[in-house]
Each structure stands twice: as C-alpha cells, then as structure tokens.
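As a plain string of letters, each chain reads:
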Amino acid sequence: MDRGPGLSENAATPSFSSAQQPAAEAPLPAGDQTNWVDGTVFLKAACDDLAVGELIHGENFSLFEAMSALEIMDPKMDAGMTTSGYKTVEEAIERGAAPVDLTISQIIDVMDHLLSCEATWHKGHSLAQTVFSCLYMLKLDRTTPNVLLHAYCKITRATCSLVRTAIVLSDIHEEEDFVTFGFGLPLDAEGDSKCLASLNAVEEVLARQLRGCKGLTSGKKKSTEEVEPLQDDPELEEQFCEALLCRLRFRKYLYHAYLYMDKPLGRGSEMAQKHIAKALTELNAIRASSAFLASRRSVKESLGSVTTASGQPALGFDESVNRRLLAPTPPRSIDILSWNETLKYFEQLLNDLNRICSLSSNPELEDLLQYIVDVQKSQPDLVARARLQLRLLQDGKLLGLETIADGLCRAIKMQNRPAKETETYNFLNQCGRWMLQLIRTMCTNPAWQRRKLGRFIQEWGSLLEQAEFSREASLRKAGRDGNEEKTGWTDDAVMGWAAESLSWVVTHFLMLGFELELYSPNEYCMVYWYLDHSLMTLMQYKLVKERRLHEAEFARVNDTSPESAKKKGKKKRPGTVKPIANKEIRFTPSVLLLQCHINLCKGLIWMLVALTADRKIAHRETVFNSELERFTQRFELLHKIVVPEPMTYLDYREAIRHRSQSIKELYQLSYDHFSAVQQHLQELNQVVSKATKMESVSKTQRLADIRQMEQVAARNRVVLQIAHQAGPGDNLRVTFDFSQHPCFAVAVVKKT
Amino acid sequence: MSEMSEEASPPEGIEENSSQITYTSYRDETQLGPIMALIDKELSEPYSIFTYRYFITLWPHLCFMAFHGSECVGTIVCKMGQHRSTFRGYIAMLVVIKPYRGKGIATELVTRCLQVMRDSGCDEVTLEAEVTNKGALALYGNLGFVRAKRLHRYYLNGVDAYRLKLLFPRPQDSASLQSNPQLWQGATHYPAELKEEAEEERSVSFLRELPENSVSFGDVKGLESPAEIVFHLSL
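If you're matching them up, the sequences are chains A and B in order. Residue numbers for the first sequence follow full-length UniProt numbering, so the first one is 1 and each next one is one higher. Residue numbers for the second sequence follow full-length UniProt numbering, so the first one is 1 and each next one is one higher.
Because the hints were derived from the structure by calculation, they are not lab data. Keep in mind it's a predicted model, so treat the numbers as computed, not measured. Glycine included, C-beta positions come from ideal geometry on N, C-alpha and C. Please note that a few of the clues may not be correct.
What the hints assert, rightly or not - Quick list of the computed label-pair ranges, beta carbon to beta carbon:
| hint | chain 1 | residue 1 | chain 2 | residue 2 | range |
| --- | --- | --- | --- | --- | --- |
| 1 | B | P171 | A | N362 | 47 to 57 Å |
| 2 | A | A69 | B | V159 | 15 to 25 Å |
| 3 | A | E621 | B | G121 | 21 to 31 Å |
| 4 | B | G69 | A | F456 | 54 to 64 Å |
| 5 | A | P229 | B | K41 | 54 to 64 Å |
| 6 | B | K41 | A | V623 | 26 to 36 Å |
As the list claims (entries may be wrong) - Mimicking DSS-like on lysine-lysine, the simulated pairs with C-alpha atoms at most 25 Å apart in a straight line are:
| hint | chain 1 | residue 1 | chain 2 | residue 2 |
| --- | --- | --- | --- | --- |
| 7 | B | K134 | B | K79 |
| 8 | A | K76 | B | K41 |
| 9 | A | K76 | B | K98 |
| 10 | B | K149 | A | K452 |
Please take these sequences and the hints and turn them into a complete structure.
In structure tokens:
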C-alpha cells in the first residue's frame, strides 16, 4: 500500500481470499465457486495500519464514481431512509387509503389533484412521484364500480401514454427535461383505446341529469326518466353536474386533439384545432366552477399550495408506495403544481398546440425556421415542443409532405436538380441532413438548443470551408483547361444559400444568449457589435438572393431570343444582364426586420460607447484577465468558421474607436440609428399587415416585435437626450434592462 | 456543483472587520470534518464523503479555509486537470456562513485559488452556479468570469445553472494586439481603403440610398458588395 500524502494510484487491492485469512471463521455457505468470508477483522487491522490522511484508492474510482456514490442511511442521500408511509400499494389500499366509494366532491378533488400531478409530470418530474402517486391509477381495475372516477382515470392514463410516446418519438428531451422512464408503472394498458367509450357513456348520463336539473329549476316538469341524483342537496345538483361535465369533456377534447395531431396536416390540423378550442372552453368552465367548489370548503387555508379547485386535499394519493421504483439518486424534492398553476399550464399548452396546428402546408424553409423561432417566443413546454417537432418532421419529411431535398431546391430556387454524384449534389445532401438536425434542435429548450447550435455552427462552418476548397480546386483545374462553364449561377446560389443559412444560425445563436441571460453588462457592446456584423452578413446574402431572383425574372421577361431556352439554367454571371437597382428589390418582411435589428444594434453600440466615454456606465477592471480574454471566450466558436467573416478583438477595438468625434456626436450617432429604427418599423408594419402569405403565428409575433422595438427605440432616444443634457461626467448612472425586448436593451437612468 | 449564495446582506452582529479573518490552506484529514459540516449545512446538494476526499486529497493546495478566531466561517474546494486540449481549473464548492457574508471573504477565497491555478499553468477555470444566486454571479463576474452556458434544471431542486468560465491571458491573444496592422488586414479579405471608407460613412437608411450595384452597406466594419461575396465564396 502506498503511503504517500496523496492518493495511491497503484494501491494494491486488498485480498479477501480465505488463503490470506488465517484468523477467519468458518466460511459462509458458498455458491458458484465463491467463498464468502467475514472481512471485518482484516479491515480493522488494515485501518489501524493507516495514518491520518492515508487512503486506499482503486484506480477505477474517479470523480464520477465519487459523485454517484450514495451513503447508505444518510437521509439526504438515501431515498429509502424515509420509512414513514405505506410500503406497497396493496398495503395502502388495504388500510383504506383509497376508498372507491366517494362523494361527488371527493371525486372532483381526485380529478383535480390528478390534473395537477399530470402538469407536474410534464414539467419534468417522474411519473412515479406525480400521476402514479394516485392509488386509483395504480390499480385502475378496482375503480370500475365508480364509473365517473374510472372513466376519468382511464382517459388520463391513455392521454399520458400518448404524451409519453410523442416525447419519446420526438427525442428532443434531455434527462433534466422529462422523465420518460416508466419504472414499470401501468401506463400502457390494453383496451385504453376504448377509453372514450366509457367516458362518452358517463358524459351522456351526466348531460341528461343536467337537463333534468335545469328542467326542475326552470319549473318545467320533470324529465320522464328518473336519474339518481349525484348527491343529496337538490339545490347543488346542477352545479355539481356542471363541474363534473366540464372536467370529463376537457379530458375528452384534449385526447381528441392529441389524436388528430398525429394525423396528416390539413384536415388533421383543422380537427385538432377544433378540439383545442373546445378544450379551452371546458378549461374555462373548470376555472369558473372553482368558486362554487371552494365555497363549500370548511377550513380556509392559504391558496398557494392548493392542488384542487375546492382547496381540499384529495383522497387516494400516496407518494411513498413508489419509493422503491425511483432511480438510485438522492431524493429529489418535488412540489406538485398548485391548482392555479395547473390551469395556467394547460391553458398555455392548449394555446401552444393551437399555434402548432396553425402551420400552413408549404412554407419556405426560411419561413419555417422563423416560424419555429416565433413559436418558441411563447416559451412552450416540452409537450408542445415535442408535438411541434413531430409535426415539422414526419417520417423524415418536412411536414410529412416534402423531402428535405425538395425543400432545399425550393429554398434555393433551383430549376434543375444537380446530377447525382456531382459536388453540388453531395453538398446539397449534406445540407439536407444538417437542415433536418437544425429543425430538430430548434424545437429543444433554449438552453440546450444554444449549446447544440454551437456544435452545429462548427460543423456547418467546416462543411462550407470544404466546399469552398474543392470549388477552388476544380476552378483552378477548369481554368487551365480553359473551360469556365463549370460554375454556373446555380452553384453560386447554392453556396450563397448555405452561407445565408449559416449567418442566420449565428445570428440566432447570439440572440439566444440574451434570452438566456448569458451576457453581462460589460459584454453588451461587443455582443451587439458581433451581432451587427452577423446581421449585416446575413442581409448581404439575402439581398444577393433577392437580386438574383429579380434578375432571373427580368431576363425571363425580356429575353425573346431563340437561344433563351438553351441558356436557361446555365451560366449567368452578375453583370451579364442589366443590373437591378436595390430599390427594385422587393422588401420582404424578413429583410425589413433585419434592417430594424441592424439599426438597433448600431444604436446600442454607439450608445454604449458614448455612455462609457461620458463615464455614465460603471466600469470595473478585472484582476485575472481583461476584455480581450472575454472577447476571445465569447466568440471563439465564431472564429472557427468562414461566414460570417471572423472578427478579432482588434477589429472590435478599431470599430468602436471614436477618432475625432465628440461625446455629443456619439450621442447623436446613436440617436440617428434609433430614429432610423422607428422609420423602418413603420415600413415593416405596413408590409406585415399587408402580407398574405405569412404564417399567422409569425404575423402575430412580428406585430408584437414591432411594438417592442418601438419601445426600445423611443425609450433609448429619451435616455440619450437626458444623458446629453446632464452634461459630461458621472453625474448619472445608466443601467440596461430587457423589460421591453428580449434581445435589445433599454437604458435606465438614475441620478448619482 | 453548488455555490453558496453570497448576498450582500449586512452582517448580523459581527462587528469585527475583515482583517481579523485569517486564511489557511488545507493541512490534513483532521480538517475534513469541519469542512464537510460547513458545506453540508449551507449547500442544497448532498455530497458523499468520497466526493470530498476526491477533491481534497488530490488537490489539498486548492482548498482554503477562512477562520474567525478558531471558528471556520468559509471554505473553498477545487480541482484542476486536463480537459480535452486545455488544462482546466474547477471550483467545486464555495461556502461562507451567513453572518460573515458581504465582507469579501468569498472573493478572497476564490482569488487565492485562482492564483494557485494560474501559477500551475491553468488555461481556464470553470464552475457552475445557480441562475438565481445573484451574489455568487456578481462575485465571479467581477473576477472576470463569463457565463458560457446555461444548464437546464441542473440542480436537484430543479433550478437552472450557469456554467461560468474564466480565461487566463494567453500569449497568442496578447500577441495579436501588438501585431502589425498590415498583417491582420491582409489576413481578412478587405482592402484597407474600403474599411476606412465604410467607417466614415454610416448612413442610416443604407438600403435605400445606395447607388446601383453599390459596394458599401454603410457597415461599421466594411463588407464586400454582394457580387464580391459570391465571388469570394465560389473562387
């Protein structure tokens, strides 16, 4: 054994073989040629031999093993240490923890708490601790005599199964996101596809009952068939009926909506949207029923932790019975969402699903990506995002309709497909794979998404670089042969599209950093500067594309020569046709939006430069490194790609250097950019309002963006004026926040 | 791993100034008990004895303790090692007990570790901190750490974390600052005049006022015309 001060790397493994255990007692019964020996004495002797600080260390015991080791009997780590509660579901039921014979208000409490559990599961907790903490769910067959409860539990189970399948298929969850592991819980049961039949039957009876009550209260004569009342008080019968009906119907419509979302776009979406709308109506009815149910509560408690409409705890839930099913990790504390949070959660889920169903059948790739960004703006949870991804990529096809190759050709506006095994063909193939991955990634949660995008940017960057190399090589070869026909404008269009896409991803990557609050105030200037650079690159490629389309159109209309047909799809160098003026290029919403973003960046860059020069922003030097290191760290990834052109720290310092400009002029410069933003926003507003082809989600989001950006521009202009009027020096303290827009900061002034 | 929350709350009943705080490096196993007790009390994550031993026995010189009198009021536990192509320091645990917060003890503990790491040749230092832990985030921000990533629901309590990273100065980066401007301009694809010109001209509605087939986009950095971009990529 090594006796060094540190850990021994080659520590001899203590041997437990009986040969070296002369003092050992009689060996315990052996099996499979294994002898079990009591090692206590040996260990004790070995311990006495060790001085303070000495350890026995197995080579295979690293940080991972150390971190995943659990100390048995330590309640902070050992989930089994909580010995209170029932040990098995059978024991709980036997002791009467889940009676099947329940009053109506008790049934409603179970339904409500179960719904809260379901929402909590969606939010990332294990099934065992949420939905299956319900003893009725664990032993569903028991509940058959209670038709209401049975129907509700059955459809809940069927719905959970649909949700889990969708999430597993989408494969966008991470372990921290969602626990798909079922722990052998009875989630998928046969016959659950018929859950609607029993639900419909119960609903039918209840509806009749409700009609009966209404007949009574309005003084009409009783319905011919007598139904047994739900409870004793005839005054309350109607309200109880309604409370139950909306809960059952909510479940039914939600289940239908999920089913229709699995069907192909078009009619599937339409039907899903119809059911989502109905489910939302029922959800409102559930919310409305809360007042009635809560009024019957005897003890008033604080509403925060309440998980049912009535505020009463529900019967039949016990977390401890599944304790043995949990993963061998320290016990994770779990709080079931409150009733209000649950209602809010389902409302958002339904609205998100509705947005997802509203997607039209053939958006262009570029619009599709923008659509995903726009859907993500409402911060949909995993369930909605999984549905989004399944919808966008069904059977490996875009929206289940178009192969990615077709989608790319449409995006690039290629008339002729490249021949197989050509460079362009192979390149497009790689682009296609990359694009599918990109779409998938963009459906993940923003934190994970940004990390994944970082990797994509690198891969995509090297792909472009390779393509550029081989193109150069083949061109050189072609040049020697005197044959320049090899690069037609089709090739340029492909590269241009690829570069545009990469610039778009980089832009998105940088902007996501703001949403995730990754940047600190002393980095804002450099980030806006790099973002501006990336936006400018994107804009240029976009304009090149627009121009090319325009020229192609122009040539098509004007060219009447007999050769035109032959020429088509071949060489078309810039300048061979009459150049198109920029103003002739149509200004699409995406171009105008870019223009607004660019001006906002520039406005903020110069605002930050001016305020720093004017000593109105606190500046602190760091001991261990400088701005250079932070710049390097922040943009290291973007220095490895060809497009947007890598920008160094020196480029940055040069760009923000204000040579002869006075602080006043810097303020003015920033002010002018914000004024320009406001002007462009008006144009954008007009174009968006008139746009007919835009996705409804994108249109709504764009109009919201416009209002947000207006606020940013207007507020920052005011601050610039105040700062300027305050005169030079640190008489004001300016800070920035993101209260108006997730990416573009507004300045806030305080007197010092 | 976890970080203590270092809110700048006024010290409760601690009159002594921070000069009476003494700092010591980890000595031997007898100190492991107090360190564990301190950390277990303050941090949400439970760690096994193996985790403590892993860090402290392998890198005793990266463990410091802050004492007020004989009471241990704060501690830091770190490691360092090869991570892919970099030599990386990692701050695993940092704790200062509540009454002693806001007195710069944590900053001092981190600073001592960073010094050892820098002198041992670390390229960078990383750690994780809860997104809600404003005090710790400010502390590390002031020391030059950048929030490199956000980790979704990182902790057992369901809270997101940031991965923070500090990059020590590298010779090649500093060299780039002194390099001949001609050289780096040559490395980018832009002629210097274009750069100058673009910097001068910062027209606001740059899209509308451009002459036909114009080159400049009024950009701060000066970019090529659309035609040149295509050329650059395809050649």
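Hints, one by one, checked against the model:
no., hint, result
1, B/P171 x A/N362: 47 to 57 Å, "54 Å, holds"
2, A/A69 x B/V159: 15 to 25 Å, "23 Å, holds"
3, A/E621 x B/G121: 21 to 31 Å, "24 Å, holds"
4, B/G69 x A/F456: 54 to 64 Å, "55 Å, holds"
5, A/P229 x B/K41: 54 to 64 Å, "58 Å, holds"
6, B/K41 x A/V623: 26 to 36 Å, "30 Å, holds"
7, B/K134 x B/K79, "24 Å, holds"
8, A/K76 x B/K41, "11 Å, holds"
9, A/K76 x B/K98, "21 Å, holds"
10, B/K149 x A/K452, "11 Å, holds"
In terms of the numbered hints stated before, the structure departs from none.
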